[in-house]
Amino acid sequence: MKETLVDVSDMRLSDDGEEVLVAPSLGSCIAVTLYDEGVKAGGVMIFMLPCADEMAFKQAAEFPYMFGDTGIPAFFEAALAFGLDKSRLKVVVVGGGQMMGQEGYDNLGGRNVQIVQKAIKNLGLCASHQSVGGRVNRTLKLEIGSGHAYIKVAGQGTAKV
Amino acid sequence: MTVEQIINDIDHLEPIPAVANQILELTQNPDVNIGDVAALITHDAAITANILKTVNSAYFGLKRKIESVQDAVVMLGLNPIVELVFMQTSASNLKKAYVGYDLEEGDLWRHSAVSAILARMIAQKQEMQNVNRVFTAALLKDIGKVVLNQYVRDGFKDIQYLVHEQHYSFKAAEEEVIGIGHDELGGLVAEKWNFSNQLAYIIRHHHLTDPKADKDLETCVVYLADVICSSMGIGAGSDGLAYHFIQAVMERLGYDQNGIEALILAYAIKKKEIDALIDAY
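Chains as they are written, first to last, in my numbering: chain R, 10 to 170; chain B, 1209 to 1489.
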């Protein structure tokens, strides 16, 4: 198995059964995985900000995966172009943490969670597993060969989904 | 294990060379002669070599090759050069893995350097006079973790219990289990290294647990930079988000949620160049 780090504000799709895609140390950022068991291929995208507003329009064109609202549809399109089938997509969403005392505020992690849920719904998809919010950092690994996602929550161990 | 023993461990750190301190002090004076600063830097061959290598890297994107510290100061100004001096002299302590905090090699360094760059961006927006001091404080704010690492590892279960079951902040759990937090210990390191009182103050209070600390704007800037960096998970370990968010500080520094996102965007756009700079150490 070889691990490949996925950069924040970027995505990676793979059909290499030996590859593991890694989204390390997700705080308020969110990693979305798409996986198709039928073709044994999938990918990970990590966005850091919820919306590309007018101010950031230029950046959104250059860095679509920096934002949830532009990144998720672009990732979905790229996944279909890569050969994944929408009807078989397994979707996992991880991240969107926040600090103590931030819960009541319009905080970044919470806004990222809201945008990812909205964007997935708009695409007619449904997350099969979510590990979001709370006061924890998470690391996600997606095994391309098996389609298993491993979610490590800092200080609390790893769950396989 | 006693707190005195832990404090004695400070001596195991690789000290910041005195010349770095002298440079920082010199640049606090707005009328400083840049030739004096360049001359002081040139006395240290390792710092000089690193500055010349870094100013000629893609991060600065200069059109012509810089061949002397004097040239570098003239071309870039004093602030970036002082930043490079402290990055060069801090990297060896901060780059290692610190398993007590679940930090792999390079994690604490990345967190510290990005915090410092964010702190500088906030301080410049505030038009603060001592941008260098704010940068340096943010860079070294977690130096106490380097010393406390092995004690956090030994007390990890108890600390995790307090953080996850009793809703302690991570540093409050350090105090409860070990007897001292990394922030207080960082302040003691700063004193031992003869940093200025203000620099030691910012490092000691960067989590703003002392109610008076939020009256100090420079400390607030370092706090906010730390919060943003930790929130994004940059170089974050097991303590990552287990700290208090203080909305009033954000507002006091003139930021709302949009302002914070604009700051993150400004960082994100330059991320590749910033990563290259950080990875060069």
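Simulated from the structure, these hints should not be mistaken for lab results. Errors might be hidden in some of the hints.
Straight-line Cα separation of at most 30 Å, DSBU-like style, residue types lysine-lysine; simulated pairs [stated by the list, open to error]:
#1 B/1365 to R/127
#2 R/127 to B/1261
#3 B/1480 to R/11
#4 R/11 to B/1478
#5 B/1423 to B/1480
#6 B/1365 to R/67
#7 R/99 to R/11
#8 B/1479 to B/1261
#9 R/11 to B/1271
#10 R/67 to R/130
#11 B/1271 to R/161
Which residues of chain R face chain B? A few of them, derived with a C-beta cut under 10 Å, are [said to hold, decoys possible]:
#12 29
#13 33
#14 165
For every residue, glycine included, the Cβ atom is placed at its ideal position computed from N, Cα and C.
Checked hints:
1. B/1365 to R/127: Violated. Residue 1365 of chain B to residue 127 of chain R sits at ~38 Å, over the 30 Å cutoff.
2. R/127 to B/1261: violated (47 Å)
3. B/1480 to R/11: OK: residue 1480 of chain B and residue 11 of chain R at ~23 Å, within 30 Å.
4. R/11 to B/1478: OK: residue 11 of chain R and residue 1478 of chain B at ~28 Å, within 30 Å.
5. B/1423 to B/1480: Distance ~35 Å between residue 1423 of chain B and residue 1480 of chain B Cα, so the pair is violated.
6. B/1365 to R/67: violated (47 Å)
7. R/99 to R/11: The hint holds at about 22 Å.
8. B/1479 to B/1261: holds (20 Å)
9. R/11 to B/1271: violated (39 Å)
10. R/67 to R/130: With a Cα-Cα distance of about 26 Å, the restraint between residue 67 of chain R and residue 130 of chain R holds, given a limit of 30 Å.
11. B/1271 to R/161: violated (45 Å)
12. 29: Interface hint status for residue 29 of chain R: violated (16 Å vs cutoff 10 Å).
13. 33: Hint on residue 33 of chain R: holds, closest Cβ of chain B at ~8 Å, below 10 Å.
14. 165: holds (7 Å)
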